[in-house]
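Position chain B relative to chain A; hints supplied.
Chains as they are written, first to last, in this note's numbering: chain A, 1 to 200; chain B, 1 to 254.
For the record, the hints were derived by calculation from the structure and aren't laboratory data.
The model shown is predicted, which means the values in this text are computed figures rather than measured ones.
C-beta atoms are modelled at their ideal positions from N, C-alpha and C, and glycine is treated no differently.
One or more hints might be untrue.
Cβ pair distances, simulated, as ranges [said to hold, decoys possible]:
no.: 1; chain 1: A; residue 1: 69; chain 2: B; residue 2: 18; range: 46 to 56 Å
no.: 2; chain 1: A; residue 1: 23; chain 2: B; residue 2: 142; range: 29 to 39 Å
no.: 3; chain 1: A; residue 1: 139; chain 2: B; residue 2: 149; range: 45 to 55 Å
Partial list, derived from the structure: chain A residues whose beta carbon lies under 8 Å from chain B [stated by the list, open to error]:
no.: 4; residue: 106
no.: 5; residue: 108
no.: 6; residue: 164
Listed next, the stretches of chain B that the computed footprint assigns to chain A, with coverage defined by at least 3 CB atoms under 8 Å from CB atoms of chain A [claimed, not checked]:
no.: 7; region: 103-110
no.: 8; region: 114-125
The chain contents come next:
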Amino acid sequence: MDRPLRLVAANPLDALARTLEALLVVASQPLSVDDLAEAAADDAERVEMALSLLGERYHEGRSGIVLEEVAGGWAFRASRDAAEACGRLFERPVERGLSQAALETLAVVAYLGPCSRPEVARWRGVAVDSVVAGLVERGLIAEAGRESGIGGAVRYRTTPLFERVFGLESLAALPRLEELGGEDGEIRERLEALAERRPA
Amino acid sequence: MSVRELELDLDAFEGPFDLLLTLVLREEVPLAEVDVAGIVVAFIERLAEREELDLDACGEFLVLVASLLELKARSLFGGEDGELDELGPEEAAEELARRLEEYRRIKEAALWLAERLAGERDRFFRLGPAPLAPPAERRLAPQDPALLAASLRALAAEPPQVSLKHLELRFPPVTQFLERFRALLKRRSRFDFESEVEGLTRIEQAVAFLALLDLCRSGEISIDQPRPFAPIRVAREETARSEESEVPWTARSA
Numbered sequence: 001m002d003r004p005l006r007l008v009a010a011n012p013l014d015a016l017a018r019t020l021e022a023l024l025v026v027a028s029q030p031l032s033v034d035d036l037a038e039a040a041a042d043d044a045e046r047v048e049m050a051l052s053l054l055g056e057r058y059h060e061g062r063s064g065i066v067l068e069e070v071a072g073g074w075a076f077r078a079s080r081d082a083a084e085a086c087g088r089l090f091e092r093p094v095e096r097g098l099s100q101a102a103l104e105t106l107a108v109v110a111y112l113g114p115c116s117r118p119e120v121a122r123w124r125g126v127a128v129d130s131v132v133a134g135l136v137e138r139g140l141i142a143e144a145g146r147e148s149g150i151g152g153a154v155r156y157r158t159t160p161l162f163e164r165v166f167g168l169e170s171l172a173a174l175p176r177l178e179e180l181g182g183e184d185g186e187i188r189e190r191l192e193a194l195a196e197r198r199p200a
Numbered sequence: 001m002s003v004r005e006l007e008l009d010l011d012a013f014e015g016p017f018d019l020l021l022t023l024v025l026r027e028e029v030p031l032a033e034v035d036v037a038g039i040v041v042a043f044i045e046r047l048a049e050r051e052e053l054d055l056d057a058c059g060e061f062l063v064l065v066a067s068l069l070e071l072k073a074r075s076l077f078g079g080e081d082g083e084l085d086e087l088g089p090e091e092a093a094e095e096l097a098r099r100l101e102e103y104r105r106i107k108e109a110a111l112w113l114a115e116r117l118a119g120e121r122d123r124f125f126r127l128g129p130a131p132l133a134p135p136a137e138r139r140l141a142p143q144d145p146a147l148l149a150a151s152l153r154a155l156a157a158e159p160p161q162v163s164l165k166h167l168e169l170r171f172p173p174v175t176q177f178l179e180r181f182r183a184l185l186k187r188r189s190r191f192d193f194e195s196e197v198e199g200l201t202r203i204e205q206a207v208a209f210l211a212l213l214d215l216c217r218s219g220e221i222s223i224d225q226p227r228p229f230a231p232i233r234v235a236r237e238e239t240a241r242s243e244e245s246e247v248p249w250t251a252r253s254a
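Chain A extracted, bound-state conformation (with noise of 0.2 Å):
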């Protein structure tokens, strides 16, 4: 009579699924597989394609909850059609009047971390003191050790919120750094226009 609600009809991994399903549910931060693995006594394997099946059911479309890989692991979130509502309840304060001093500052971390202020102030050339200790109170940087040698500086990386919050798998899903811009090609494109309209 009370049959549990299935996701694929006597389908092995149901109950592993909606094992999985309970623990994305408690949890608040992404799970990785490992994590999933080792909580539900199960092998990472089985525990992927149960995941592969979750995310049929928590599709984006299909489910006002959307089952998403980011920062290093599983999640819940809420679906994108559901944002208008979520943020009449709720903001999203971590990302908040970041300044361009801020991104320029998260990118070189991104990029090049962990490093310290030193390092992230050679880069853009300007000191950061507090626009660093700003992204460690959002959360999106975070300490990790010193630089070797006595009195060596602070280092920081971002955390996984900062993927989190960026929507990213993990650092590795950032685009490369050599293939960004075009800004040169642009100003050399426009002065060879500007160049081959002038008379010689």
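Showing chain B alone in chain A's frame:
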């Protein structure tokens, strides 16, 4: 054409070139954020609109932009002049170009992050502290239930009543010894304190000594002790006593 009136439309600044220079020198516009290439392009575009080449304007512009670039380079690498000084001019230029390129890339990366953030603004998720790990399991060695019961029984047994007798100190009144010593002094002019209090308890001895001090204070006796712990010798104060009629006969009564 006037270089100083060149209209600029940059990210960090919008207005005439002249004003930008003023603001930069007053440090109201951070030079690090001024796009010098944009200024150059704007100037060349303006130049292209003209029929003839204005050499004066070009010269002025070159001088201004060169100094602007130098200022910007200095502000970007302020603390490392020494390091750059050690390099040859070409190497220094290369180093500067390399770092400017790095900085531009970081700016691009920041732009990418900003765009990414704008695109992710409609992703809501739960945030919270990491859940507490379950407490570590503490395994105990197997225990004999009978032994546990015996231990518990020992713990549960009523403890023996502790005697409080030593707390009930009885202090005899000082007056008792005052009267006793005064009576003694009527019969004898001097006595040994030790022999008088011999056989009494420590408390009684202490109170007797207080009585002795009291008598000394009122000038009825004098006390003498040749050295520490030697017997205390008590003598009737003859001068004080001589005025009283009842004492003379007691002088040698001992």
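Structure-based check of each hint:
no. : hint                      : verdict
1   : A/69 / B/18: 46 to 56 Å   : 54 Å, holds
2   : A/23 / B/142: 29 to 39 Å  : 34 Å, holds
3   : A/139 / B/149: 45 to 55 Å : 54 Å, holds
4   : 106                       : 6 Å, holds
5   : 108                       : 6 Å, holds
6   : 164                       : 7 Å, holds
7   : 103-110                   : holds (count 8)
8   : 114-125                   : holds (count 10)
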